[in-house]
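Trainee: Letter by letter, the chains look like this.
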Amino acid sequence: MTAYAGEGGRQSRTTGPPALLVLEDGRVFRGHAYGAEGETFGEAVFATGMTGYQETLTDPSYHRQVVIQTAPHIGNTGVNDDDPESRRIWVAGYVVRDPARVPSSWRSRGSLADALAADGVVGIAGVDTRALTRHLRERGAMRVGISSVEGDPRALLARVLGAPTMKGAALVDEVTTPEPYVVPAQGGKRFTVAAVDLGIKAMTPHRMAERGIEVHVLPSTSTLDDVLAVEPDGVFMSNGPGDPEPLEHAVGVLRGVLAAGRPFFGICLGNQVFGRALGFGTYKLPFGHRGINQPVQDRTTGKVEVTAHNHGFAVDAPADRPTETAYGTATVSHVCLNDRVVEGLELRDGKDALTAFSVQYHPEAAAGPHDAAYLFDRFTDLMATRGSTR
Amino acid sequence: MPRRTDISSVLVIGSGPIVIGQACEFDYSGTQACRVLRDEGLRVVLVNSNPATIMTDPEFADATYVEPITPEYVEKVIAAERPDALLATLGGQTALNAAVALHESGVLAKYGVELIGASIEAIQRGENRESFKRIVEELGAEVAQSRICHTLAECLAAAEELRYPVVVRPSFTMGGAGSGMAYDADDLHRIAGAGLAASPTTEVLLEESILGWKEYELEVMRDRADNVVIVCSIENVDPMGVHTGDSVTVAPAMTLTDREYQHMRDIAIGVIRAVGVDTGGCNIQFAVDPRDGRMIVIEMNPRVSRSSALASKATGFPIAKIAAKVALGYTLDEIPNDITSAGDYGTPASFEPTLDYVVVKVPRFAFEKFPHADPTLTTHMKSVGEAMAIGRNFTEALQKALRSIEKRAAILSWVGAPRDKDELLALIRTPHDGRLGVVVEAIRAGATVEELYAASGIDPWFLDQLVLLDEIATDLAEAPQLAPDLVRRAKRHGFADAQIGAIRGMREDVVRGVRWALGIRPVFKTVDTCAAEFAAKTPYHYSSYDEESEVAGRDKPAVIILGSGPNRIGQGIEFDYSCVHAALALADCPDNDGAGYETVMVNCNPETVSTDYDTSDRLYFEPLTLEDVLEVVHAEQQAGPVAGVVCQLGGQTPLGLAQGLEDEGVRIVGTTPEAIHLAEERGAFGRVLADAGLPAPKHGTATSFAEAKAIADEIGFPVLVRPSYVLGGRGMEIVYDDKALESYIARATAISPEHPVLVDRFLDDAVEIDVDALYDGEELFLGGVMEHIEEAGIHSGDSACALPPITLGREEIDRIRVSTEGIAHGVGVRGLLNVQYALAGDVLYVLEANPRASRTVPFVSKATATPLAKAAARVMLGATIADLRAEGLLPATGDGGHLPPTAPIAVKEAVMPFNRFRTPDGRTVDTLLGPEMRSTGEVMGIDAGFGVAFAKSQAGAYGGALPTKGRVFVSVANRDKRHMIFPVKRLADLGFEILATEGTAAVLRRNGVVATVVRKATQGPGPAGEPTIVQRIIDGEVDLIVNTPRGTTSGGSPRIDGYEIRTAAIMGSIACITTVQGLAAAVQGIEALRAGEIGVRSLQDWARALREDQ
Ligand SMILES: Nc1ncnc2c1ncn2[C@@H]1O[C@H](COP(=O)(O)OP(=O)(O)O)[C@@H](O)[C@H]1O
Ligand SMILES: Nc1ncnc2c1ncn2[C@@H]1O[C@H](COP(=O)(O)OP(=O)(O)O)[C@@H](O)[C@H]1O
Ligand SMILES: [Mg+2]
Ligand SMILES: [Mg+2]
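These protein sequence lines are chains A and B, in that order. So that you can map any letter, position 270 of the first sequence is 1461 in the numbering used here, and since no number is skipped, the others follow by simple counting. So that you can map any letter, position 51 of the second sequence is 75 in the numbering used here, and since no number is skipped, the others follow by simple counting.
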């Protein structure tokens, strides 16, 4: 730490009482309370998007995570009714440098600070978010505590070390929808899809509905029978929080779907579940991918997509060769050019026809670029062809 | 896809002289391109008429042609070099237009030259407003309602439909030349008239006004595999109606949600694909209606632009470099990201940079030099330069940028009582230089964000940031003492020590003392393209008041080079050239114990090569103020040994910092601050001259009219008056009588009160001589002796000059050498010295000495094939001229004062911005030259003889080069009549038809020159409707104009007599000569042109020949 460590907060205490941020390795940052006052714990992760904080905050995949925004100005456009990706803010805590004092946007319905307070989200502002990000980049994601009620870093550190870790955490059931619901197709229904909600973002069924898909969103606890009961042309598994390893139930359901030869599309956690269903392992990345500027290469076309990412775990599959599985031949379809991490899987049958695929990143892109939207078309094409062959 | 193997040589076209709207950003892009092409093993052929650029250094290309960028000359180069391909997307609009012309004249086809980057079709689709409109609409996006017009009549009709105000925009122009906002039919007549003339395709577009909308820009990059990335988003603080080049801009966009941003991104990608820019960068501008988000595409530039330079520096993504690589066929994923590719794996260029800081750009204007120009900011760019600053928040970046501009008035101030609120709100309604300062004043006067928004259209978020600054300023003013929290908070929002001092009535150094005592110092963060997601290897730093510093330790001693800040008239790219050369020279030279140096560049000008992260070992993007530089020095001292700071290459800016730095114990290398003072302080310099026995014009200093008058009476009128300590002849005037003197004192003292006014005897009919020399304490190396074409009295920066001097004999040059040596010795120069002399009668007067690199260093270096700036850097760090001769950096024998008779003649011609300015009533500002510098750039013509060299310089400088036949109009002041006779007679003999006003015609007739008398503007049309000369010029009947001013030349104030003529010439871009000396030179040029085929020759060739003869 440098000479001025710990003084960042006092440099900009324009709002809220002093607040503390303590990482599990003992590094301390000071700032001032932002959003709700109180104390919170979670896994510290940084997100590098310069736009889309409202989508980020409401993305269920961030459940139990304390998000550090590397973009210094947060809240400039306030909050509105169109951009949330789910019914509430999920992040366990929020770390920013310069929160907006007044929102400015014709769509704004209120300030972000108020929205955070309303959902009881404890945040901290005025922190050297770049120093914190560099620390996490070097030492990896770790537990963190934020408090505007505790003045003693040592006391807070003790509680941080008592908080649960992300490794092995099964969080899906905490974020999934309690009841099934249907997102109707727009302009003439073409297909029915059973979407297993592992922490789904609102934009995903929307992108499907735009393409004439009637989306039946089902709780994560749904059984194979529940899934087949909606007579889906295709099955989808969404993004979601936590470690894929404990998700035996979802893996079992997916194996059933594949055995039944139903077209499948998975995103993010859905990609990891797909990987496990095919017999691949999953592992935790040092600090994950969280941003909307990640270069992913489609290994079949060689084209590069700029994509939205939010994942701390990844699939461990051989990128250089196909893998024979009980359900067909699996190949790695996409890789991240920054670090060669597996970003997509493809399953083909004996006739080399596509039967199922998934990506680790977010083609629904909220927030993020729309480069990967074609994947939703690939899903409809898949259902069209499989439908005709069935 | 790997790079194409079917290309082995590439022709790169530069952007020519620095003009408003096209400045050194194209030196930055062209230099990067040349570097890339050479690294790829290609033969690089370069054409650029601008000698001040780094790209035209012989080392950056295989064949460098400093020749006019006109289709004729470029064709000569193509014929001589037969390149496989032409890269024209990195040389601004000039290069693009040249490429289009070469295509249309069939030259490219004839020589089988392939246009790489953007195809002709793409260029036309992008630049032709009509086809562009179609493309955008096909993408389901909107453009402003518009009508294409080819005649004034069409314009008037269209305007009725669109309803006033309407925006008038010509196609194929840059920097909004010829464009403007028309509020009624009269405006329309005026602007569209100019617009139709400014557009090579003579069509203008009338457009619905969307004044007041939010304005954005996206920088887009595409490769031939159709991978597209957005490099940067830029938001204009000034809403639509102010040219982006004149707006305060911010990166990244601050007030867009992800939905709007992604929509913009989708459109941008659609546009670059539809327009068909196969490879490279382009720039797309958008307008967004703040009420409902309706989005309109304003325009796209299918080339690297000014904003691309800004975006490159703002993100660390080197757009020009990548554009050059993709033009060669690489795909983005094959190109590593230099900055992050240190780690175990490299990250590719096929990503979108993300920022964890805020960048603010502020334009720099020069209205003080054009007192009659309308300072209102409009759709037509008027700024001459810009400064960029980086901070961890908007307020920090904004305040750093405002102090980087180096205008006291630009810095936000809370001193004194604010003016009346309504008066201020009224001022804010019209965009002008310094509007944000007025907004702050209005806040102090009680204006609310709502009121400010209504008046300015500036987004409330930005306005609130200014309110925040006002709150902090209030706390600073009211606090009992400077408590640590308060200081930290103020610094965190960009307040300078000087600002805090002003608010609290303390001296800047006292505030700094308190701050340091409290341990409050900035940290230095890194621009890394990825918001710290990956480790950065490139030390590209900016200061911020935050917690953690990222400056790495160092073993080698550092040399800190201070740059020259924003481009301005009098201090531009020439100084960046010298700074970059110092960095290059010191990078590969051993220090005293052989280890070599690490070079550290400090500068705040995003357009320059010096601010490329790979020019020096370390780059600090910081304002050039004492406070900011002291903090950089401190940070580098923490990091390792510091050999010293170089202050003499960046022009007056760093020179002015030398003393302050030394007072803080910082070592200044080269000429010491004491020595600098000897040269700059009039009295001290007078003594230096006296000791050396050198004459100076009689002079004195005055602080009142009475004193000034006393001096004038003693030394006699005319006198030349000016404030002390200025660069570029600021506020300098020649006055002929008491009245003029009195009015000057009244105005001049307002320019810089703390300095007295200097009164010099004005030397009439004197030949001005400019000298650049190197001095190591023992030996003097005369870099070059430049003889001005125009007489003394016309600023050295504005007059043409020739090197070697065309009329000076050996004996005179030797006197110059001795005098220069005397000054160098007397002052104590270590490094570069620039001296200006005036040869009047047989006396060699010393006008001034500048103990620093001068504007002419790059010109001299190129004309004599000697790297003066490199040598200077070495001398500053202890090398002797003898060492450098031995090393081969300098010629073994002789110098620029003794060039072999076979040496080429290089002519420098200044380029004036007159055509960019209008008086409030829409007339062009006067074009007269004077002692106050007003040129923005320069070109060089080089050839074996003066005539051709001069002709080339004219072709390079003006649209209308020298004519070889046709009509010449002559009207000269009485004092010039004798000198004019011979050259005009010559023109008549060459077959030119001579038109003249009565007096001039009479004199000519008596000397046997037949001249047709034409009516003066003041006489009006004749009885039989005979047109006045002005009318005939407008009607394009005149090919060359010779018009020397009558009476005084004072700070550009128009005298109706001749003014009409000169402005008409500007409008029609007809060669207009305003001095008899210029006329003589022009005649030689015309003779040379008529003598037949003019050749082109590369600098490398000239240098080879020169070395052989030396
Ligand atoms: N329809 C319009 N209404 C109001 N202002 C406009 C309009 N179109 C352009 N402008 C302003 O004029 C400036 C210059 O226009 P632009 O199309 O960018 O020309 P240039 O080629 O000179 O950049 C823009 O930056 C914008 O601020
Ligand atoms: N005594 C003088 N007589 C005639 N011309 C002069 C005299 N002093 C200066 N000038 C003219 O004014 C110009 C600017 O003066 P200079 O001292 O060089 O100021 P700057 O610092 O702006 O270069 C010179 O280039 C020269 O043409
Ligand atoms: Mg523009
Ligand atoms: Mg001078």
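Certain hints may be false.
[Stated by the list, open to error] 20 Å max Cα-Cα, derived DMTMM-like pairs, lysine to aspartate or glutamate:
| # | chain 1 | residue 1 | chain 2 | residue 2 |
| --- | --- | --- | --- | --- |
| 1 | B | LYS445 | B | ASP494 |
| 2 | B | LYS445 | B | GLU475 |
| 3 | A | LYS1494 | B | ASP250 |
| 4 | A | LYS1494 | B | ASP290 |
| 5 | A | LYS1494 | B | GLU1111 |
[To be verified] To give a feel for the contact side, a few chain A residues facing chain B, derived at Cβ under 7 Å:
| # | residue |
| --- | --- |
| 6 | THR1242 |
| 7 | ARG1292 |
| 8 | ARG1321 |
| 9 | ASN1484 |
| 10 | VAL1497 |
| 11 | ALA1564 |
| 12 | PHE1567 |
[As the list claims (entries may be wrong)] To spell it out: a stretch of chain A is covered by chain B in this simulated footprint if at least three of its residues, at any positions, have a beta carbon under 8 Å from a beta carbon of chain B; those stretches are:
| # | region |
| --- | --- |
| 13 | 1243 to 1252 |
| 14 | 1268 to 1277 |
| 15 | 1488 to 1495 |
These are computed hints drawn from the structure, not numbers from a lab. Heads up, the beta-carbon is just placed ideally off N, CA and C, and yes, glycines get one too.
Trainee: Each hint should be assessed against the structure and marked as holding or not.
Mentor: Right, here's what the structure says about each hint:
1. LYS445/B x ASP494/B: holds, 15 Å
2. LYS445/B x GLU475/B: holds, 10 Å
3. LYS1494/A x ASP250/B: Answer holds: LYS1494/A to ASP250/B is near 8 Å, not above 20 Å.
4. LYS1494/A x ASP290/B: Holds, at roughly 17 Å.
5. LYS1494/A x GLU1111/B: Judged against 20 Å, a Cα distance of about 60 Å means the pair is violated.
6. THR1242: Interface hint status for THR1242/A: holds (4 Å vs cutoff 7 Å).
7. ARG1292: holds, 6 Å
8. ARG1321: Hint on ARG1321/A: holds, closest Cβ of chain B at ~5 Å, below 7 Å.
9. ASN1484: Holds, because the Cβ-Cβ distance from ASN1484/A to chain B comes to roughly 4 Å (cut-off 7 Å).
10. VAL1497: holds, 5 Å
11. ALA1564: violated, 10 Å
12. PHE1567: violated, 15 Å
13. 1243 to 1252: Holds, because 3 residues of the region 1243 to 1252 of chain A bring their Cβ atoms closer than 8 Å to Cβ atoms of chain B.
14. 1268 to 1277: Coverage by chain B holds for the region 1268 to 1277 of chain A (4 residues, Cβ < 8 Å).
15. 1488 to 1495: holds (count 4)
Violated hints for the displayed structure, listed by number in ascending order: 5, 11, 12.
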